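Student: With chain W fixed as given, assemble chain S onto it according to the hints.
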Amino acid sequence: MTHIDNILLDDGRGHFATHERDGDAHTLRRDPLGVNKLFFGLDEGRVESATYLDDLRKGGWAPSQIWSVPSGHRVEIDLGARTLSVVKEAGPEFVVDDDDSIEAHAARIRACLDDAFTSLADVLEGELFVTLSGGLDSTGIAVLAKEHLGDFTAVSFTVEGEDREGGDLAAARRVADALGVRLLEVHMPREALAARVDDVIRWGQDWRDFNVHCGLVNLALAEALPRGATVLTGDGMNELMADYSPVEVEGRVLYELPRLSPGKLRRYLVQGLDSGDREVGIFARRGVRTVQPYLLCADAYAALPERFVAHEGSKQELVRHVLGASVPAFVYDRPKVRAQVGSSQEVGGTVRATLEAGLDQAALSARFRELFGFSERDQRKLIRAGYYRFPTAWPQA
Amino acid sequence: MTQTIPHPEPAPLRERIARDLEAFIRERFDVPASDDLFSRTVDLWEEGYVDSAGVVEVVDHLEQTWSLKVPEEALFDPRFTKIDGMAEVLEPLARP
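For the protein sequence lines, the chains are W and S, in the order given.
Per the working numbering, residue 372 is the first one in the first sequence, and the count goes up by one each step.
Per the working numbering, residue 2 is the first one in the second sequence, and the count goes up by one each step.
I should point out that these hints are in silico values taken from the structure, not numbers from a laboratory.
Just so it is clear, the structure is predicted and the values come from calculations on it, not from any experiment.
One or more hints might be untrue.
Unchecked claim - DSBU-like, lysine-lysine: derived pairs with alpha carbons at most 30 Å apart: (1) W/517 with W/707; (2) W/459 with W/752; (3) S/70 with W/517; (4) S/83 with W/752; (5) S/70 with S/83; (6) S/70 with W/459; (7) W/707 with W/429; (8) W/752 with S/70.
Claimed, not checked - Just a few of them, taken from the derived set where beta-carbon distance is under 8 Å, the chain S residues facing chain W: (9) 25; (10) 28; (11) 43; (12) 47; (13) 53; (14) 60; (15) 61; (16) 69; (17) 74.
For glycine and all other residues, C-beta sits at the position ideal for the given N, C-alpha and C.
Isolated chain W (complex conformation):
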């Protein structure tokens, strides 16, 4: 059974999932944001854990016997006593309102990021890469990496034939040039992307279209990196700042969100990091360790009151206060582009690649069931409100 590497900083923060055994007693823990996944199979006499649901299915565990440890929780199991308890240990608390200025919040966020990068310098292994789309989130990570970690290679993705002015790759080139770092460009044909959907569903542990589309970008990037490398990503910022919106493609609306205000939405988006493994799981399968520095500072972002996250341009305003002129000026002015969409002018990227291959949401769901041997009922039970299913007591037969 695979257990991917834990990333632990000296102050206890990190991305981790652990399983300790002492006779019949088992203790399983997961990091506060659920960055590292942790599934376990449970029956009368055994507890077996793994990063990947696929490992447990191949190990003979039935869908009804497989559970997850919820993010920020500890699961304690005593096989002899047939008891199971779930205890919350950590997790961000979202602030509704306060009296602090954005400058004060930004200073705390910056201090947290500086501290995290300083600590990361002690634990990072292998060649260092930073995923770079030329957007605000990834550029922020690249800026901090350059300042604290020194040399690295940026890596950027485009669907073959979609490298155009104003696109992600063009912006990534400008950022890499401004920072003075190498850029590894990954160009992948649409057909090659569609052929990788099964791998993305299996190792990304999800069928939801947004996560599959993002996972395809990450798999393409992962395949270009050497095994043993570490990649830093700007993931998590969109959840922390509720910076998501639906995308319309040929009359279809993709990525619909719960109908909540941005201030409330961020709590649920962050909660939803518990399920889906579109970054860490996919990179890890290719032997690449992932670090998501924004999530190491989730508490500082969660402390932002709703007035600083709930309006158009919130993120730009915050980043100006956190990173200022370290971020090239054109990045602040760029229209929002999602890596899986590829351009602000038209929908392309992995979205178009999958839709052209007939892989719409219904097809992705069916593919998940086939790959994992799940019934529709099993699938409906697997994810609820962004969490993978977890037990609240010893499961009844």
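Tutor: Just chain S now, with coordinates in the frame of chain W:
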């Protein structure tokens, strides 16, 4: 001589939560009044009335209406699949 007009007993809290939740789900998820399968004891997830994202809206409504915090553990409580079960789980937490 004065006559005392009896006031009807207020519905117990659990019943009020269930009643409110039923109305919310019918309105938010477009459940028609003619849907005979829908009830307070139907499994909302199994029968497709509420999906993984929809439950987020249900939780938000419950938290706002009843001034409570739905704990993560409640999401996978076996009772939290039906309207009556949700009301049972949340009754001790609610501040009407």
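Student: Next step is simple, just say for each hint if it's right about the structure.
Tutor: A quick look at each hint next to the structure:
no.	hint	result
1	W/517 with W/707	24 Å, holds
2	W/459 with W/752	22 Å, holds
3	S/70 with W/517	42 Å, violated
4	S/83 with W/752	14 Å, holds
5	S/70 with S/83	18 Å, holds
6	S/70 with W/459	14 Å, holds
7	W/707 with W/429	41 Å, violated
8	W/752 with S/70	23 Å, holds
9	25	12 Å, violated
10	28	12 Å, violated
11	43	14 Å, violated
12	47	7 Å, holds
13	53	5 Å, holds
14	60	6 Å, holds
15	61	6 Å, holds
16	69	15 Å, violated
17	74	5 Å, holds
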